[in-house]
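Protein chains in written order, with the numbering used here: chain A, 1 to 110; chain B, 1 to 115.
Quick caveat, the hints were computed from the structure, so don't treat them as lab data.
Being a predicted model, the structure only gives us computed values, none of them experimental.
A hint or two may mislead.
[Stated by the list, open to error] The list that follows gives simulated cross-link-like pairs (lysine-lysine, DSBU-like), each with its CA atoms no further than 35 angstroms apart:
1) K66(B) with K102(A)
2) K64(B) with K41(B)
3) K51(A) with K70(A)
4) K70(A) with K64(B)
5) K70(A) with K41(B)
[To be verified] Far from chain B, some chain A residues (derived; all Cβ distances over 12 angstroms):
6) E15
7) G16
8) V19
9) S20
10) Y50
11) G53
12) R60
13) I67
14) I86
15) P110
Ideal placement from N, C-alpha and C gives every residue a C-beta, glycine not left out.
Chain by chain, the residues run as shown.
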Amino acid sequence: GQQLNQSPQSMFIQEGEDVSMNCTSSSIFNTWLWYKQEPGEGPVLLIALYKAGELTSNGRLTAQFGITRKDSFLNISASIPSDVGIYFCAGQLAGYALNFGKGTSLLVTP
Amino acid sequence: GAVVSQHPSWVICKSGTSVKIECRSLDFQATTMFWYRQFPKQSLMLMATSNEGSKATYEQGVEKDKFLINHASLTLSTLTVTSAHPEDSSFYICSAPWGALYEQYFGPGTRLTVT
């Protein structure tokens, strides 16, 4: 499968700041998902998006499924130290395996 | 719901030996599971799709005779790395789809080190 274009590659921010990252693809997907991975662990699903234009929140996290179905973004508001980790976007066609972005490494200083 | 486990969480083996990694869906059934490999500071790369009751589907460049997959039941898939070499050292992660639109849930991963 294709690897998605995810940016930025890394972010170093202060606690309390908002964070935004995005993901683009050359092809359309039916589902966009955002995962967080901490060192030595498997990815944990944060948000799943099912329809073009959909905007979904999970606590301080908000994600949107782009209208073209080829992009998505994730925002984290009022970041805290435990937000540290690598965030991956993933696109999925129905029932098939995921195509991942390269990840955004987030560091938050107190 | 949607808990996926893996065993072992880490394993060290000698070059030339085989290692089996288990992936279980604990509270749901999965006719399909996926196996990924992740090298340090890189993203997850799909290795193969495991299908209950039929052969696995391998991605291009993944040797099916080296990475044997068996989907023994609706809650268990195993990945066996045969004749392991140091370059097979990696983080192996499985996932299983669950929910109305089959979003994937991941296991905690298995760290394989081949010496």
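Hint by hint, which ones does this structure get wrong, listed from lowest number up?
10 and 14
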